[in-house]
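Peer 1: Between the sequences and the hints, there should be enough to build the whole structure, so can you do that?
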Amino acid sequence: MGGKFILSNEDHYNSLKENDKFYQEFFKLSFDLDMVMKPEFCYLISKDTQENFSRDVCIFVAVLCYELDKDGQNFMEMMDYHEFNYEEVDRFFENSSFIDLIESNKALKDQDGRRTLINGMARRNIVHKSFEDRFIFTQAHRVFIDFAKELAMRKMAVSKEGESA
Amino acid sequence: MIKAEPRTILSFLHTYFDVVRDLFEFQAHDGLISREAFDMIVKKHGQQNIVGKLKEYRIVRNIGSDYEMRDVYFKMMEFLLFEFKPLLPETIEKYKGAISELYMKIRLGENHDREILQERIKNISHQIREFVDLVERNAFRLLSETRDLKSNIERVEYREKVHKASFWIEYYILPLNKILDVNHSESVTSKLIEVSEYANRKRLDFGDETIRTEFEKLYGQLIQTNQDLLRQSKILTNELLPLLERIRTESLILTGFIEFLRNPYKVDSPPLLKGSRTMVYAKDMLFKVKEFFEQFETQESVYYEETDLQFDKWIFDRELFRNQLNADLPVKDFFGWCSKMLLKDFPHIETEKFFAITGLLFDEDLNVDFPKKEERTVIETLNSRISVPKIKIENAPKI
Chain E
1 MGGKFILSNE DHYNSLKEND KFYQEFFKLS FDLDMVMKPE FCYLISKDTQ
51 ENFSRDVCIF VAVLCYELDK DGQNFMEMMD YHEFNYEEVD RFFENSSFID
101 LIESNKALKD QDGRRTLING MARRNIVHKS FEDRFIFTQA HRVFIDFAKE
151 LAMRKMAVSK EGESA
Chain D
166 MIKAEPRTIL SFLHTYFDVV RDLFEFQAHD GLISREAFDM IVKKHGQQNI
216 VGKLKEYRIV RNIGSDYEMR DVYFKMMEFL LFEFKPLLPE TIEKYKGAIS
266 ELYMKIRLGE NHDREILQER IKNISHQIRE FVDLVERNAF RLLSETRDLK
316 SNIERVEYRE KVHKASFWIE YYILPLNKIL DVNHSESVTS KLIEVSEYAN
366 RKRLDFGDET IRTEFEKLYG QLIQTNQDLL RQSKILTNEL LPLLERIRTE
416 SLILTGFIEF LRNPYKVDSP PLLKGSRTMV YAKDMLFKVK EFFEQFETQE
466 SVYYEETDLQ FDKWIFDREL FRNQLNADLP VKDFFGWCSK MLLKDFPHIE
516 TEKFFAITGL LFDEDLNVDF PKKEERTVIE TLNSRISVPK IKIENAPKI
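Taken in sequence, the protein lines are chains E and D.
1 is the number of the first residue of the first sequence in my numbering; add one for each residue after it.
166 is the number of the first residue of the second sequence in my numbering; add one for each residue after it.
Check before you lean on any hint, since a few could be wrong.
[Unchecked claim] Here are the simulated SDA-like pairs of lysine to any residue, each with C-alpha atoms no more than 25 Å apart in a straight line:
hint : chain 1 : residue 1 : chain 2 : residue 2
1    : D       : K240      : D       : L308
2    : E       : K106      : D       : S309
3    : E       : K28       : D       : P436
4    : E       : K70       : E       : L108
5    : E       : K38       : D       : S416
6    : E       : K149      : D       : S416
7    : D       : K270      : D       : K287
8    : E       : K160      : D       : S416
9    : E       : K70       : D       : E410
10   : D       : K509      : D       : I480
11   : E       : K70       : D       : R411
12   : D       : K270      : D       : S350
13   : E       : K149      : D       : L308
14   : D       : K439      : E       : L108
15   : E       : K155      : D       : S309
16   : E       : K155      : D       : R312
17   : D       : K399      : E       : D110
18   : D       : K453      : E       : S30
19   : D       : K250      : D       : F191
20   : D       : K439      : E       : D112
21   : E       : K149      : D       : K431
22   : E       : K21       : E       : D34
23   : E       : K149      : D       : D433
24   : E       : K160      : D       : E190
25   : E       : K155      : D       : R427
26   : D       : K439      : E       : S46
27   : D       : K218      : D       : F177
Treat the hints as calculated values from the structure; they're not laboratory data.
Keep in mind the model is a prediction, meaning the values are calculated, not measured.
Peer 2: This is how it looks when you write it as structure tokens:
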């Protein structure tokens with residue numbers, strides 16, 4: 001499966017959902033993998049979390065959301081429904097104030113790197129490529145949105161602790 | 166004069182980095198390191214014995230009874246930790262005066278002493294380098310401050326956010342923008358463009374070759390400088406000036422992303438599946454192959470019980486019965502013939518065998534005659550009684 005997200009509109013999502021318990025146990029015992037079942041998608045995670053792909057995608061999504069917001073767009077709506085084209089994404093990245101971070105990351109520093117990353121995301125069902133140079137995010141992007149929410153909550157809790165201490 | 170080798174000082178900084186960092190942070194906050202704070206920091210790290218070395222290597226110096234980290238080390242720590250103090254643009258603007266004066270003297274002294282001209286070109290280059298460095302550091306710090314406002318991790322109220330944003334805009338962002346605004350005739354950037362054009366001309370037509378080379382270097386530096394300043398100016402225009410507008414909206418998700426982007430390599434990103442692929446030339450390949458084969462090495466014994474039931478291995482030989490039927494033609498009662506044939510070989514008739522033979526009826530070559538009257542015959546098999554019509558099989562008509 002190559003770490004592919006199974007989306008709720010795919011046939012095998014239903015069979016995974018119906019036999020959730022069995023597959024949880026199957027993946028755990030056979031490959032030591034955890035299966036995460038969400039209402040919109042399902043995916044597997046491995047024990048080893050030091051994964052570059054996840055970090056690169058996370059930076060990609062984070063910069064894109066930041067730049068969309070800076071551009072005065074509703075970034076959540078854009079992530080849910082907008083069809084992005086490569087040119088638009090390149091413009092956001094090339095004019096970003098996170099340019100130092102972008103230039104230090106192999107997967108994001110130039111157009112070719114970003115194309116490869118988007119193709120990797122398409123292989124894992126995080127984006128759906130509608131044309132050669134266009135893509136839309138699938139519901140799987142919510143993994144990264146949820147991650148941002150959790151991180152913000154954690155940081156806010158630490159900040160509150162610091163204030164009360 | 167420091168007796169120690171430069172490497173020894175660097176090695177000292179490496180070994181006692183935590184102490185030096187704490188001293189730096191205290192000075193960045195308070196402007197000076199009080200004697201009590203200094204003693205507390207070295208004591209905290211259990212390094213009271215390094216006080217002498219800190220002075221010998223000229224990392225700190227005494228200011229009365231207190232201490233101060235020397236500027237060169239302070240700046241190095243600022244750079245290493247990326248913790249720049251925002252400078253008021255007035256501090257940066259002073260470079261305009263220095264650059265303008267040197268530029269004027271270079272122009273006026275073109276035909277005078279060659280060595281002083283060369284020295285002035287080197288000096289203007291140094292001033293430009295310092296100016297760009299300060300602008301970059303200030304822009305970085307301002308970005309960091311404004312992202313803090315946007316992220317709003319402390320969840321301060323909107324009114325307070327606006328107050329802070331207005332402060333940054335009024336005292337730092339707008340004046341810095343004025344310094345960088347290329348369209349403003351008084352800006353440092355427009356002065357640098359003027360110097361750049363002048364250096365471009367002189368690198369081509371100046372009489373002395375050594376000076377021409379100096380102008381060439383200055384011109385190369387200015388091209389890069391103007392690009393860097395343009396980038397900083399873009400950041401100011403796109404991100405810092407519209408700050409008030411931008412802090413109107415707030416989102417928990419954006420807060421998370423901003424916090425993540427501060428240092429994405431220090432936060433664990435969401436876990437996904439990590440594919441593993443072992444190459445045949447990998448070091449652990451031998452062990453993995455062994456592990457794979459080992460699972461087949463000790464096979465568990467499998468037992469199965471042999472059943473006592475006798476299976477009847479009778480298989481219907483269609484050809485044999487067909488030939489027999491042909492030999493017996495005409496047959497008046499086909500089903501009766503079937504039962505007779507079975508009773509020849511077996512003491513009783515099994516239903517399955519009986520039905521197997523009756524399949525001959527579907528042979529297309531047979532001339533089957535279905536009786537008009539209802540005449541039936543009863544066949545008794547081992548577990549049933551079957552009432553069947555009497556069917557005649559005639560000889561095939563000769564054509």
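Peer 1: Compare the distance between the alpha carbons of D:K270 and D:K287 with 25 Å, and conclude whether the hinted pair is satisfied.
Peer 2: 13 Å, holds
Peer 1: Could you grab the alpha-carbon distance between E:K70 and D:E410 and see if it respects the 25 Å cut-off?
Peer 2: 10 Å, holds
Peer 1: With a cut-off of 25 Å on the C-alpha distance, tell me whether E:K155 and D:R312 pass.
Peer 2: 15 Å, holds
Peer 1: Need the status of pair E:K149, D:S416: alpha-carbon distance at most 25 Å?
Peer 2: Holds: E:K149 and D:S416 sit about 9 Å apart, inside 25 Å.
Peer 1: Between E:K149 and D:K431, is the straight-line Cα distance small enough, at 25 Å or below?
Peer 2: Measuring from Cα to Cα gives roughly 17 Å; hence the hint holds.
Peer 1: Does the alpha-carbon distance linking D:K399 and E:D110 stay inside the 25 Å limit?
Peer 2: 20 Å, holds
Peer 1: Verify the proposed pairing of E:K70 with D:R411, using a straight-line Cα cut of 25 Å.
Peer 2: 7 Å, holds
Peer 1: Given the hinted pair E:K149 and D:D433, is their Cα-Cα distance within 25 Å?
Peer 2: Judged against 25 Å, a Cα distance of about 14 Å means the pair holds.
Peer 1: Do the alpha carbons of D:K218 and D:F177 lie within 25 Å of each other, as the hint requires?
Peer 2: 9 Å, holds
Peer 1: Can you confirm whether the C-alpha distance between D:K240 and D:L308 stays at or below 25 Å?
Peer 2: 20 Å, holds
Peer 1: Going straight from one Cα to the other, do E:K38 and D:S416 come out at no more than 25 Å?
Peer 2: Holds, at about 23 Å.
Peer 1: Checking one constraint from the list: CA of E:K155 to CA of D:S309, max 25 Å. Satisfied?
Peer 2: Since the Cα atoms of E:K155 and D:S309 sit roughly 16 Å apart, the hinted pair holds (cutoff 25 Å).
Going through the hint list in order, the structure satisfies each hint without exception.
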